[in-house]
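Colleague: Protein chains in written order, with the UniProt record's numbering: chain A, 1 to 312; chain B, 1 to 312; chain C, 1 to 312; chain D, 1 to 312.
Treat each hint with caution, since some may be false.
Heads up, the list lumps identical chains together, so a pair's fine if it works in one copy or across two of them.
Unchecked claim - Calculated cross-link-like contacts (lysine-lysine; reagent style DSS-like; alpha-carbon spacing at most 30 angstroms):
#: 1; residue 1: Lys109; residue 2: Lys192
#: 2; residue 1: Lys151; residue 2: Lys109
#: 3; residue 1: Lys192; residue 2: Lys151
#: 4; residue 1: Lys151; residue 2: Lys272
#: 5; residue 1: Lys109; residue 2: Lys272
These are calculated hints, taken from the structure and not from any lab test.
Number of protein chains: 4
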Amino acid sequence: MKDFVESVELGVSQREGVNITQPKVWIKNELVRVGLAESLCTYVMMVFGLGSVAQVVTGEGAFGQYLSINLGFALGVAMGVHIGGKISGAHMNAAVSFTMCTFGRLAWKMFPVYVFSQLLGSFLAAGTIYAVYYEAIHDYCGGNLTVTGVKATAGIFATYPAPYLSLLGGFIDQVFGTAMLLLCLMALSDQKNKPAAVGGEPVAVGLLVLLIGISLGSNSGYAINPTRDIAPRVFTAIAGWGADVFRSGNGWWWVPLVAPPIGGVLGAGLYKALVEMHHQPLSEQGRGVMQESEEESTPLEKQKTICADVCV
Amino acid sequence: MKDFVESVELGVSQREGVNITQPKVWIKNELVRVGLAESLCTYVMMVFGLGSVAQVVTGEGAFGQYLSINLGFALGVAMGVHIGGKISGAHMNAAVSFTMCTFGRLAWKMFPVYVFSQLLGSFLAAGTIYAVYYEAIHDYCGGNLTVTGVKATAGIFATYPAPYLSLLGGFIDQVFGTAMLLLCLMALSDQKNKPAAVGGEPVAVGLLVLLIGISLGSNSGYAINPTRDIAPRVFTAIAGWGADVFRSGNGWWWVPLVAPPIGGVLGAGLYKALVEMHHQPLSEQGRGVMQESEEESTPLEKQKTICADVCV
Amino acid sequence: MKDFVESVELGVSQREGVNITQPKVWIKNELVRVGLAESLCTYVMMVFGLGSVAQVVTGEGAFGQYLSINLGFALGVAMGVHIGGKISGAHMNAAVSFTMCTFGRLAWKMFPVYVFSQLLGSFLAAGTIYAVYYEAIHDYCGGNLTVTGVKATAGIFATYPAPYLSLLGGFIDQVFGTAMLLLCLMALSDQKNKPAAVGGEPVAVGLLVLLIGISLGSNSGYAINPTRDIAPRVFTAIAGWGADVFRSGNGWWWVPLVAPPIGGVLGAGLYKALVEMHHQPLSEQGRGVMQESEEESTPLEKQKTICADVCV
Amino acid sequence: MKDFVESVELGVSQREGVNITQPKVWIKNELVRVGLAESLCTYVMMVFGLGSVAQVVTGEGAFGQYLSINLGFALGVAMGVHIGGKISGAHMNAAVSFTMCTFGRLAWKMFPVYVFSQLLGSFLAAGTIYAVYYEAIHDYCGGNLTVTGVKATAGIFATYPAPYLSLLGGFIDQVFGTAMLLLCLMALSDQKNKPAAVGGEPVAVGLLVLLIGISLGSNSGYAINPTRDIAPRVFTAIAGWGADVFRSGNGWWWVPLVAPPIGGVLGAGLYKALVEMHHQPLSEQGRGVMQESEEESTPLEKQKTICADVCV
C-alpha cells in the first residue's frame, strides 16, 4: 500500500477541476485510495445513523425520540466529513456525487467508484448494526422480522413512506428534500459568498442534515440519498425480512433511488442560477473594480486564499 | 444575466455606507441581484421553518415537539445567512431591513426591494410547504382546513396568539421580542465588541433565533418579522383557509406587521445608546491612546481588519 | 455621553492588571461605561433565562420542558457575553466578580460597580418578564400569585430548593455548582492551556452553563449566582408574591447569596493549584527552554499573541 | 510546586514522540504535573456525566431525559479537554491511553500514570456526586440502595447491561463502541485530513461522545472506558450497594474493562489502514510534488504549522 502515497495531490487537483496527466498506475491507486475513504466515511455515517434508529425503535422511547434520529444522522454525517473530507470529499450520497459530476466538480469516470464505495460502506454498516443490535431487535419483535405492523423493524435500515403518502407525493418529497440539501451545500462551500467557517464544515453540513430531518422528514423518512437507502434495503431482504422490503409502501423502494439525483441537480442549479452566476469573476475583480475601491476587495481575496482547499 | 457581474462591489459599498456614483444600469442590476439573493434566502429559511411546524402539527408529536420548531426556524435562519450573507446581508425580515435603514446601514431606496423580495420568498415557501405536506395536512385534518379548533392547521403557516393574550399584550410581546432580536444582532456584528466568530455568524444568528423561540415564543409564536408572517397568511387565505386567517385572534394579523419594526429600532437603539456610542472612535484611537499603550490596541486593529467585511 | 469615548482603553488595561494613572474624570466615566455594559448584558441574560422558565411553567409543557430552561440560561449567557464581553467582561454574576477580584483579575474598587449593575439588570429583567408574561401568568394561576403549591409561579423568577433538600445540602450544592462553573471558566480562558476558540468564547461559556443545568440543576435550580437570584426575589416580594419568597424553603433565600462566592473561589483556586501554577512562566520559556527546542514553543507564543485580549 | 515549572515542554515533546534526555527530577515532576491534570479533567468529566444521570434518575423525568445524559457526558468530555488538553492530552479513558501507547503516541511508561490518575479522578467524582445528590438519592429510593429493581440507583454510577443482552453481545457492543470512538478521534486529530477546527477540538470530541450515546448507547450504557466504569463501581460497592454491583448483569463488571482497549486499537488501526497510511509523507511532499504544483501544497503546509501543537 506504500505506493498510494505519491498520488495524494491528484485528488485535490481533480476536485478543483485541474487536469494533470500522470502515469496510469497513479490513477489506479488514487481510485483505490478515494474509494477506501469514501467507503469508510459512508460506513461511519451509516453506523451512527442506523444505530440511532435501532436505539429509538427497540428502546420504545426510553433511549431517545425522533430528535435522536435526526441527531444521529446529522452528527454521523459530520464525522463522515471529518473522515473522508480531504480525500474523497465525503459525499456519502450518490445524489451528491451525481450533482458534482453534472456541474463539473467531479469527473464522470469517478462516479462509479463513488457509488460502489458508498454501496459497500452502507451495506457493511447495515450488517454491523444488525449484529450489534441483534439481541435488542429480536427481544423487541420476538424474533419476528416484519416490514409493517406495530413491531416492524425494517424501518431501522431503510426508509418507508407514511401511510397517507402517494408515490407521486413521495417522489416530490424526495426531489424537494434533496434539492434543499444540495442548494445549501452549494452555499456552504461557495467561497465568494458566506461559506462555512474553515474547519467548521463538518458540523455545518451536520446541522443541515439535522435541519432537513426536523423540517422535511415526516413524509418518508428523508432518505434523500440513493446509496444510503438501497444497500440496507437489500441487506434486510437477505437477512430475514424478505421481499416485503421491496413491496411495502406500494413499491416505494425505487423512489429514493430516482428522485434524489433529480432533486440534487435542481437544487444546486437553482443556487447557481440565482446566486453563484452573479458573483464577479476574480479576473474582472482584479482588473476593474479593485482600482476603484482597492481596500474593499482585499478581504475577499484573502478569504479566497485561506479557504481555497476547503471542499465540503 | 452576465452583466450583473460587474456590480458586485456596489452591494458591499452600500452596506458600509460608502456612496459610489455608478451608471444607472449597474444600480438596476444590483437591485435584481440583491433581490434574487434576498428572495432565495428568505425562501430557504421559510421552507425549513414552516416545514418544521407542519411536521410537528401533522405528526401529532411523533416527529418532533415544540423544540423542533425552534430548531427549524433557528437553523433555517442560519442556512439563509449562508445563502444571502455576502450579497444581500440576508435580512429575511422587514423589521431588520427597517432598522438597518433607520440607522443608516441600508439605503432607504433599497427598502422596497428587500420587502418585496422577502414577501416573494416567504409566499413561495408557504406554497411549497403546502405542496410537500399536502397529503399530510389533508390526512391530519380530514380535508377540513380550519384556523381554530383541535385540528386547526393555519398555524403551520402564520402565527396566532394564545387564547389568553390581548391585542395590547401581543403588541408588547412582538415589540419586545423584536427588540431583543435586533439588540443582540447589533452586538453579534459589532466589531469593536465581542462579535460572532468569523465564519460563525450564521450559526450565531441561528442560536439567537433559537433562544427567542425558547424564551419569548409562547405568547404569540414569535413572528418578530412582518414579511415572515403576512405572506403565508395571505397564502392560506387564498389556498382554502379563507378570511378567518385575518379575523382570528381578534384581528391579530396586523400586530406582527406593525410591532416588529418599532421593536427593532428600539432594541438596536438601546444597544447603541448603552454600548456602541461609548466605543472609542478609530481616529481617536489612532491619534491619542495608541501612543500611550501601543501594543494593547493592536489586537483591536487586527480584529477590525479581519472582520471588516463581515455583516450579519 | 460623548466624553465617555476617550476612556475605552482603561477597561482593557484594568482587566489585564496594568495600572495607568489618568485624570479623575476618565475613571468616573469608565465606571459608568462598564456599569452600563454590565447592566445590559445581565439584563439580556436574565430576560432570556427567566423568559424560558415562564414559558415552560405557564405553557405546562406545551412550549418546552426542563431542557428549554437549561438552553434559555445557556444561550442567554452566550448573548450576554457577546454584549458585554469587551467592555465589562460580562460577568453577570457577583460570584464571578468576587472570584476575579480575589485572584487579582479585577480591582476590588470595581466590585460594587459590578454588583450594583448586575442587580439593576437582573431586577429590570424580572420586571420585564413579568410584564411580557403578565397575561400568561395570571391565566395560568388564576391571578393567585403563590410561592408553593401546584400552581406556584414564584419559581419563574428566583430559585427554590427541592422538597427533600436541607439547608446544609443546598449550601453544598451551591458551593459545588459554582466551584465547577469557575473551575471551567478558568480553563476556558487559560491561554497557556486549551482555551475556547477565538470568537467562540460566548458559546463555550453558554455550553458550560447548559452543562451545569443538565448535571447539577435538580437540587435547587442552579442559581450559582447571587445577583441573578436576589434581585428577581425582591421583585416578586414587591410585585405580589409577598414575604413568602423569603420564608419558603426554610428560609432558602440567603443560600444563593453566600454559597456561590465561596464556591467560586474554591473552584478557581483548585484549577490554579492543579493546573495553572504548573505552566511555565513566559520569561522562563523565553530564556531557557526555547534555546533547546525553539520551534515547539513558537505555537504557544503565537497563540498568546492572538488571544491576549480575550477575556471571558 | 514551583519546580514543576521548568518541565513544561517535556510533555509536548513526549506526545510528539520526540525523545529528549533530561535530568531525572524533571521526569518525576512531569509525571506529577501530567497526573494532576489528567485527574482533574477526568474528575470534571465524571462529575458532570454522573451528575446528569443522578438528575434524570432521581428526578423521574422532570429534570431531563435520556438525551440529558448523552449531553452530560458529551459536554463533560468537552470541558475535560479544555482542562487537561495541553498538559495531559485529556484522555480521561484508559482505552484511549492504551491505544495511544499502542500506536506510539504515548510512552508506555506513562500508561500507569494515566490509568492511576483516571481512576483517582473517577473515584473522587463518584464520591462527590453521591455527596451532592445524597438527599436526592435517599429521598428517591427511600434509603434502600439497590442495583436492580424499579428504584435501582447503582446505574447512576456504573453501567449495567439491558436485560436481553448476553455477555458476548455486550462484549461486541463495547468493542464496537470504543472502536468507533477511536476511529473518529484519529480523524478529528489527523492534520493531513479534515481535522476539528483549531480551538474547536473540545466541542468536536464532545459531539462524538454525544453521537455514540445517541447511536450505540442502549445495549449497555456506552461505558467504552474502563476507568470511567470501574472506579464508580468500586465506590458503590463500598458506599452501600454491596457486592451486587459486581454480580449484576451476569457478572458484567469486567466487560467494560477488557473490551474497550481491544476496540480502541481496532478502530484506530482501521482508520490508519484505510486512510492515514495513504497520506503523502511530508518529506515526499516537500521534495517531489511541490515542484510540480507548489501553490496546491501550500495550504496543507500552512495548516500543519497552525495545528502542530493540537493534540486531542
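Colleague: The structure should be examined with respect to each hint, and the outcome stated for every one.
Modeller: Quick rundown of the hints versus the structure:
In this assembly of identical chains, the alpha carbons of Lys109 and Lys192 lie at most 30 angstroms apart whether taken from the same copy (28 angstroms) or from different copies (26 angstroms). In this homomeric assembly, Lys151 and Lys109 never come within 30 angstroms of each other (Cα to Cα): the closest approach is 43 angstroms inside a single copy and 52 angstroms across copies. For the homomeric pair Lys192 and Lys151, neither the shortest alpha-carbon distance inside one copy (50 angstroms) nor that between copies (46 angstroms) is at most 30 angstroms. Taking the shortest Cα distances, Lys151 and Lys272 never come within 30 angstroms of each other, neither inside one copy (45 angstroms) nor across copies (40 angstroms).
For the identical chains of this complex, Lys109 and Lys272 are neighbours both inside a copy (24 angstroms) and across copies (27 angstroms), given an alpha-carbon limit of 30 angstroms.
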